[in-house]
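Chains as they are written, first to last, in the numbering used here: chain A, 142 to 342; chain B, 122 to 342.
Treat the hints loosely; a few may be bogus.
[Said to hold, decoys possible] Below, in silico cross-link-like pairs of lysine-lysine (DSSO-like), each with a Cα-Cα straight-line distance of 30 Å or less:
hint : chain 1 : residue 1 : chain 2 : residue 2
1    : A       : LYS305    : A       : LYS291
2    : B       : LYS140    : A       : LYS289
3    : B       : LYS170    : A       : LYS277
4    : A       : LYS291    : B       : LYS140
5    : B       : LYS123    : B       : LYS140
6    : A       : LYS277    : A       : LYS291
7    : A       : LYS250    : B       : LYS123
8    : A       : LYS289    : A       : LYS250
9    : A       : LYS289    : A       : LYS305
10   : A       : LYS341    : A       : LYS289
11   : A       : LYS338    : A       : LYS305
12   : A       : LYS291    : A       : LYS338
13   : A       : LYS305    : A       : LYS341
14   : A       : LYS250    : B       : LYS170
The hints are simulated quantities; they were obtained by calculation from the structure and are not laboratory data.
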Amino acid sequence: MLTATGLTCVRGERRLFSGLDLAVAPGEWLHVQGENGAGKTSLLRMLTGLAHAEAGEIRWNGESIRVLAEDYRRDMLFLGHHGALKEELTPLENLGLAAALDGAELAEKDALDVLRRFGLRGREELPVRFLSAGQKRRVLLARLVTRKAKLWVLDEPFTALDVKAVDMLAGLIGEHLSDGGMAVLTSHQAMPIAGCKVVKL
Amino acid sequence: MKSMLAIIRRDLLLAMRRKSEVLTALFFFMIVVSLFPLGIGPEPALLRKIAPGVLWVAALLATMLGLQRMFAPDHADGTLEQMALSPTPLGLLVGGKIAAHWLVSGLPLVLLAPVLGLQFDLDAGALGVLVVTLLVGTPLLSLIGAIGAALTLGIRGGGVLLSLLVLPLYVPALIFGAGAVDAHISGLGAGGHLSLLAALLALAVFFAPWATTAALRIALE
Numbered sequence: 142m143l144t145a146t147g148l149t150c151v152r153g154e155r156r157l158f159s160g161l162d163l164a165v166a167p168g169e170w171l172h173v174q175g176e177n178g179a180g181k182t183s184l185l186r187m188l189t190g191l192a193h194a195e196a197g198e199i200r201w202n203g204e205s206i207r208v209l210a211e212d213y214r215r216d217m218l219f220l221g222h223h224g225a226l227k228e229e230l231t232p233l234e235n236l237g238l239a240a241a242l243d244g245a246e247l248a249e250k251d252a253l254d255v256l257r258r259f260g261l262r263g264r265e266e267l268p269v270r271f272l273s274a275g276q277k278r279r280v281l282l283a284r285l286v287t288r289k290a291k292l293w294v295l296d297e298p299f300t301a302l303d304v305k306a307v308d309m310l311a312g313l314i315g316e317h318l319s320d321g322g323m324a325v326l327t328s329h330q331a332m333p334i335a336g337c338k339v340v341k342l
Numbered sequence: 122m123k124s125m126l127a128i129i130r131r132d133l134l135l136a137m138r139r140k141s142e143v144l145t146a147l148f149f150f151m152i153v154v155s156l157f158p159l160g161i162g163p164e165p166a167l168l169r170k171i172a173p174g175v176l177w178v179a180a181l182l183a184t185m186l187g188l189q190r191m192f193a194p195d196h197a198d199g200t201l202e203q204m205a206l207s208p209t210p211l212g213l214l215v216g217g218k219i220a221a222h223w224l225v226s227g228l229p230l231v232l233l234a235p236v237l238g239l240q241f242d243l244d245a246g247a248l249g250v251l252v253v254t255l256l257v258g259t260p261l262l263s264l265i266g267a268i269g270a271a272l273t274l275g276i277r278g279g280g281v282l283l284s285l286l287v288l289p290l291y292v293p294a295l296i297f298g299a300g301a302v303d304a305h306i307s308g309l310g311a312g313g314h315l316s317l318l319a320a321l322l323a324l325a326v327f328f329a330p331w332a333t334t335a336a337l338r339i340a341l342e
């Protein structure tokens, strides 16, 4: 269970939000809404531990994420604006290296299966720079399947995806939640996924 | 530890796919070193005298070339964020990146140095000492350089700042590295200089990944 109390975010001179409380229990997902520049990405980066909150505390299963550090990072998967994909490497290599970075085993066969499931058949061995924006996004989302994390923190996961891929991702999030997972995501679309809580910035 | 090896493997793979960057530094080293005998003229005694300094300064500058790109691509495409979020401590992964940087831009210089040293009429013994000093010295350059690269990450015009920051820190390595070869040529023995160089390396191995990690965390905030 992820809880945060009294979060305050200051960017330069501006106070983006203050005194923000939120809680996500297993099976729930949090929809972070707000205008452009309202601090959605800043909030997500705080929740991952990448950025410090000006005030307030974030707890994972009752313990501060600063104390848990590596244990928390093992339970959490963050997909941000940037792809974290290496343009020179193939989707298969990218996925394998991401898994190695997470300290997880990933057999080549499993990686291939996942990439095909994400509609990248025939492009597994093509350098990522030849893929379209949506296909790059799909390679990135393949990590949701290969990496077993309890908490997903996704920043605009639906950008650049076509209708089919959006449905697939929504299905994937639904599955994750029904397995007792949790998710925090920003999106400008309303997503028909059960267990939604909304935070407005 | 496995993640660290994965990082090294990834960086080597990337270097293989972007050969031009590696080769540029290597050619730079070759050309700079070769210009000196051509400019100064064929006087063996003088060439022998300047050889250690020229080779070492060229190695310093060649290492500088690739330094800015040590973390910049990872920072730009979000890989650095994922590294910071990995269950493996960031310090280890940074150590892996520094090791990869040395393998790509330091080791080739070490291997090339004895061939280039021949132009300066160095004998086999002096060439041997030169290779040893570079073998101990180039990892030191990568380690110190990593701190500078991390500190200047995301700064516009960081390249010049990086040189201003890192080159003064390279001075001890230059003095002891070139000094060892000089001492050997003048018959004093290279032992003392080499020990000091190795001590600097030991210190940097312990301290540099930690300092680099701290700087990277600030850049990520």
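Comparing the hints with the structure gives:
As the CA atoms of A:LYS305 and A:LYS291 are separated by approximately 25 Å, the hinted pair is consistent with the 30 Å bound. For the given pair, B:LYS140 sits about 35 Å from A:LYS289 by alpha-carbon distance, which is inconsistent with the 30 Å threshold. Restraint check: the Cα-Cα separation between B:LYS170 and A:LYS277 comes to about 56 Å, which exceeds 30 Å; the hinted pair is violated. A C-alpha spacing of about 40 Å is found between A:LYS291 and B:LYS140, which places the hinted pair above 30 Å, so the restraint is violated.
The suggested pairing of B:LYS123 with B:LYS140 holds, with an alpha-carbon distance near 26 Å, which does not exceed 30 Å. For the given pair, A:LYS277 sits about 24 Å from A:LYS291 by alpha-carbon distance, which is consistent with the 30 Å threshold. With a C-alpha separation of about 20 Å, the suggested pairing of A:LYS250 with B:LYS123 holds against the 30 Å cut-off. A hinted pair counts as satisfied when its Cα atoms are at most 30 Å apart, and A:LYS289 with A:LYS250 qualifies at roughly 17 Å.
Annotation: proposed proximity of A:LYS289 to A:LYS305 holds, straight-line Cα distance about 23 Å (limit 30 Å). Pair hint A:LYS341 plus A:LYS289 holds up; C-alpha atoms about 29 Å apart against a cutoff of 30 Å. As the CA atoms of A:LYS338 and A:LYS305 are separated by approximately 24 Å, the hinted pair is consistent with the 30 Å bound. Proposed proximity of A:LYS291 and A:LYS338 is supported: the alpha carbons are some 17 Å apart, at most 30 Å.
The hinted pair formed by A:LYS305 and A:LYS341 meets the criterion: a straight-line CA distance of about 28 Å does not exceed 30 Å. For the hint pairing A:LYS250 with B:LYS170, the CA-to-CA distance comes to about 60 Å; that exceeds 30 Å, so the pair is violated.
Comparing the model with each earlier hint shows violations of hints 2, 3, 4 and 14; every other hint is respected.
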